Amino acid sequence: MTGQNNEPVSDDAALEVEGLTKRFGARTAFENVTFSVGRGEVFGFLGPNGAGKTTTVRTLGTLLAPSAGRARVAGLELTPQQGMAIRRRIAIMPESPGLYLRLSVAENLAFFAGLYELPDASERIARSLRAVNLQDRADDLCRSLSKGLRQRVGLARALLSDPQVLFLDEPTSGLDPVATREVHELIDALRKRGVTIFLTTHRLAEAERLCDRVGIMNTTLRLIGRPDELRDRLFRGGLEVRIREPLAQPDAVFSPLPGVDAWRQEPDGSYLLTVADPAAAAPETVRALVAAGADVLSLGPTRHSLEDVYLQLIDTDVEAQAR
Amino acid sequence: MSIDLTRIRAIMAKELRDYRRNRFIAITMTVMPLVFSVLPIIDIFNLSASAPASKLDKLVGLSSLYLLLIPALVPATVAAYAVVGEREQGTLEPVLTTPVRREELLLGKAAAALVPTLLIAYAMYGVYLGVIGLFAHQNVVTDVFKASRILPQLLFTPLLAGWSIWAGIGISTRASDMRVAQQLSVLVSAPPLAVAALMSFNVIRPTLGVALGIGAALLVLDVLAWRFVSALFDRERLITGTRA
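Residue numbers (my numbering), protein chains in the order written: chain A, 1 to 323; chain B, 1 to 244.
Hint data in this document are derived by calculation from the structure and do not stem from the laboratory. None of these values were measured; they are calculated from a predicted model. All C-beta atoms in this analysis are idealised placements derived from N, C-alpha and C, irrespective of residue type, glycine included. Check before you lean on any hint, since a few could be wrong.
Said to hold, decoys possible - Sample of chain A residues facing chain B (criterion: CB under 10 Å; computed from the structure):
(1) Leu-64
(2) Ala-65
(3) Met-84
(4) Trp-263
When you get a sec, could you build the whole thing from the sequences and use the hints?
Right under this line is the structure:
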């Protein structure tokens, strides 16, 4: 069930944030942030360095007190009195997993199981290690593990308490492609288990692949929605046309076409047509090309990646700041 | 506010395990007590049997003071590491995201510093008493085994350690560099020793009542220090370096 902007309705929300603001003296970390995340949803939180992503996570995780606004986290109002109850229902994996390097993997997890007062600690530890495929490394000292394995231990630790909401802050930062893929697979597995995941990341392909919805942050929340929805919102529709030989008079071919607002030739020789409805414009375009004697190799709607959306938005911000 | 013993035990167990595998802490906890126990024993055995009673008294007082340096100084280094060490390692933030209360975290860390300190300090005092009892002149034995010597030693050991630990953790909570925290902690742990020194050198006459009175004062100081350090422990400041 969704509401405006595909926002999950509030009674089903794992996170509800309304006008949340955090200031450190005169400096504003983030301002007037409003969004909600549904239960079981993977929500990506994107933005450049210093955009306030980590501070938002820390605020929702009760480590920092908000300066203004309100939030509900895992069904509880974000107040100092509810801090402990909220921390029982959530888990945060910071960018650096922060393991005790002189302790073994199992000892690290046992310590955290104690902090959560988990009654069946051994069983939970074994289950968490199985979930991240580290059951054979339980007795290894953490200092002997690679960065990717340490990240997996950090994830196992976050899973110990069966959190309702899991905050992952740059979980693949600094990992090689193989380790990154492993973390992605783990996040996929968690999604299948119905865990709500709040993922902050710089990796736009990662967000596109893993997240149901994303929010793009730059001190304020600039955009929120499904990746495809954001593409539609920021970019007009387009058709990409590839033909064997360049047209002698492209303007004479494309300009008279109904529905084609503009066209341009790309450096690789293809043509990009700006259209309101790619599906409606495509047949007319093919007919016009064939009539002009062109050999059509391919014709299809243009694909903008989440990266295009992100860069378009952040570039706009940079230009606005420069003005 | 309810304090949860499971969490305190978990913190204590983790800290003790971490100390055992930290060479720097292990060396500090071994070498310092050995130095502070062996030196007074050597001094006492260098004293001739015909030495005047005043000199003997002074030397035994000095020995007691040396032994009290163990609870005063040994936990200071460990306590100074407690918070700033975790911050530097990046392990503090994950701990603060759990349901642990600051009082539980601090008590767990304090207990982990106190228990080995007491074991070491009392063990060294036991060795000192044993060596004196077995091998020293009778007049030395009589002086060392006086109740007015033993009681302050037993009583002041945990109380001095308590002060040293809370001062160390307090400094660790506010410091941004571990080495600075350790140096300051050692410095701050010394002042209460002055009272013990005055008793050891008979400037304050060491009677049972005086020892209990000073012990009670040290206990009050320890409790106040715990409350003060708990108030200093600000999650926001520890995470961001900025006050809430």
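Each hint tested on the structure:
no. : hint    : verdict
1   : Leu-64  : holds (5 Å)
2   : Ala-65  : holds (5 Å)
3   : Met-84  : holds (5 Å)
4   : Trp-263 : violated (51 Å)
Going through the hint list in order, the structure does not satisfy hint 4, though it satisfies all others.
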